[in-house]
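K.L.:
In case you want the letters, here they are:
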Amino acid sequence: MPLFERLYNFAHWLTQDRQEAEDLVQETYAKALKGFRSFQPGTNFRAWIYQILRNTFLTSRTGLKSAATVPLELESDQESLPAVNETPESILLQRSDRQLVQEALGQLPVPYREVLVLCEFEEMSYQEISATLAIPMGTVMSRLSRARRALRDAVQQLQGTE
Amino acid sequence: MACEPWTEKLDAYLDGEMPASEARALAEHLGGCAACAAEGLRRVQQKRAVQAAGQRFMPNPAFRARIQDSIAERRPFLWSLRWLPILATAAVVLLAGVLFLTLRGSQQQLISELVDQHVATLASANPVDVISTDRHTVKPWFAGKIPFTFNLPELQGSPFILVGGKVSYLGQSAGAELIFRVRQHQISVFIFQDRGPRDARENEAVRTALSFEVRTWHHNGLRYFVIGDASAQDLDKLSELIKAAG
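Going down the list, the protein sequences come from chains A and B.
The first sequence begins at 5 in our numbering and counts up by one.
The second sequence begins at 10 in our numbering and counts up by one.
With the rest of the complex left out, here is chain B (with noise of 0.2 Å):
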């Protein structure tokens, strides 16, 4: 039938699916061709009837309102996803904060309790329990009465003097508290194992305690305090030293 490839063609072309230049040669051919344009004619009539056939079910109020509840219930789920990030990184932040104020206040609480043994140290009759200048016999000395060892500086030609040492507890651990003198000053260098993150938080640091000046850094798992009335100077000197001893 010459007719049929149109017909094939005629729901894409009452579908608006057609190609324009097609869409025009297959409008021509229904304005010559009575029975393609009466079997258009029907198309076009069925499709309007299912369009408004279509249209027959309503959904009642009770049930509208039920979805609206249902949805309005998962939106403050969906809210707090939303913020989820936002609020995971300020709680991250705050715990930061909480964290970094409590290592700080123990920080100070540590370096008040070696500047009280410091104050103690100078104010007792038997500041030191071994006397020497000399760093060969101070260091040997604390062999096996301390859990490490540590190298004391050469002070030759420095204006500092190995006054002697003790041995100091922190925290329920021996450490060595070393005593030096530079002119009338006398500055404890406290050398106790490093207790891992709290105390390796600040690496290094110069503060002020009670105007004792205080350095303090980590070095190989020890954790070094320098605390003296001496200047500013002389405690960097000193420190200085002591890295240098490693």
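Just chain A, same shape as in the assembly (with noise of 0.2 Å):
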């Protein structure tokens, strides 16, 4: 089975429960397999499978779910960069554990956390992130650098409570 752990694995970074993210995967899979006519050999299979997976966690109970609690200003540019000014003592992240980052991963809306999966653990280029969510290049950009920056925030949150 082409990518079953990690489609099995971003279903769960997805869906935050192993039964749904089965239950995802097994969705995924049947449709794959029942639309591949509509997959054009020569493209890219992973962004195919990857987008299957992705529309039908978003009309999942979970999917719907999170679409509704997405920030508005998610996708605004308003947002000023933050200034670089950490020295390497507060270099973020240099002491954070895996555990650590998988939470704030966790804890962060579904956009940032799909992009971020699909980007530094998939390893996809902007390109098949593009093809994957199905938004522009530019945006995939945009997204990713705001999501970084959650992520960041959210560890940061994390190590203060701890």
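Simulated from the structure, these hints should not be mistaken for laboratory data.
Source: prediction; values computed, not measured.
Where a beta carbon is used, it is the ideal one built from N, C-alpha and C, also for glycine.
Among these hints, one or two may not hold up.
To be verified - Pairs of lysine to aspartate or glutamate residues, derived as EDC-like cross-links and limited to a Cα-Cα distance of at most 20 Å, are as follows:
1) LYS56/B to GLU127/A
2) LYS154/B to ASP143/B
3) LYS246/B to GLU163/B
4) LYS154/B to ASP138/B
5) LYS56/B to ASP20/B
6) LYS35/A to ASP78/B
7) LYS18/B to GLU127/A
8) LYS38/A to ASP27/A
9) LYS148/B to GLU163/B
10) LYS56/B to GLU107/A
11) LYS35/A to GLU24/A
12) LYS56/B to ASP157/A
13) LYS56/B to ASP101/A
14) LYS56/B to GLU132/A
15) LYS38/A to ASP78/B
Stated by the list, open to error - If we take Cβ atoms under 10 Å as the criterion, some of the chain A residues that face chain B in the derived model are:
16) PHE8
17) ASP101
18) GLU107
19) LEU109
20) PHE125
21) GLU127
Two chains, two frames, some hints: make the complex.
P.N.:
If you want it as structure tokens, here you go:
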């Protein structure tokens, strides 16, 4: 089964629930098998199957709920870049462990979480992410930038509460 | 801030999405700017941290087995879909073959019946109901007796002589049986209404049944059968004359 473990991992990141992730993967495979004719040879299979999984997630109960709670300013370009003033001692994530990052990642809104997993873990190109999430390349870049900042903030917050 | 244009591009640089020329310029800047270098390092560390944290959830073996089973169940379905056009073609060919053999069988049966009628006519003491060598007598005689009309050929100058005719039946429908003589041979010409595709299948055929020569064709909604023990050439010649009469 191609990409099975990675698809499951991504599904679990999206749903944050084992049972829902399993249902999502199962439905993704069923849809992929059924709609295999719609896959155009020569195009990106990984982006195609991730797109099926993500679209299936978006129409699930959890997906609809997550879409409803996405802050309106998510795609806004008004947000300013943070000042670059960290010293080597304050460099974020330097001491953070894996669990802390996972927890922070889990707290992010789905659009941030998914774009980070696709870019950092799946190592998808901007073009693949654009195809998978059905958003323009420019949006991929701006969303990634905000997602990274949001992750850093979340990690900082978790470190502060420790 | 002088560094802002660079820090904005740091992500694309670290993600390997920056054109080579721009990437070289940014690398040069990072070499001389401590703040940007530190920010670059922080982002690289964050990337690595997310990369490591990204692999978090593993499917359990039972779920894997369930998915594998569901795919295996679907495979025969896909297999059958893939073979569907071939199976359909095979079915059509088979059906056409059965149909052809059935029709061929029924056509042979039809000819056998007519050969029997021809033999019965030869054996009969009253082989014809209207005795006349005049086609203008024979043709009107059939009027009202059969549900169609037909033309008889002009036989002058040919070796054929019209003996007469009688009403014949085939498959519960009335038709004409005309008797011609050529030398010592008698030839029966059966004319029936064409009964659609079954008969129309064999538009024109030359056959031999029980050593009798048989010619059959279809014209103007009528099916003609020429049966006799005369030579094949004689039957062909008579057939041509009848066809010419249309």
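K.L.:
Please flag the earlier hints that this structure goes against, numbers listed from lowest up.
P.N.:
none
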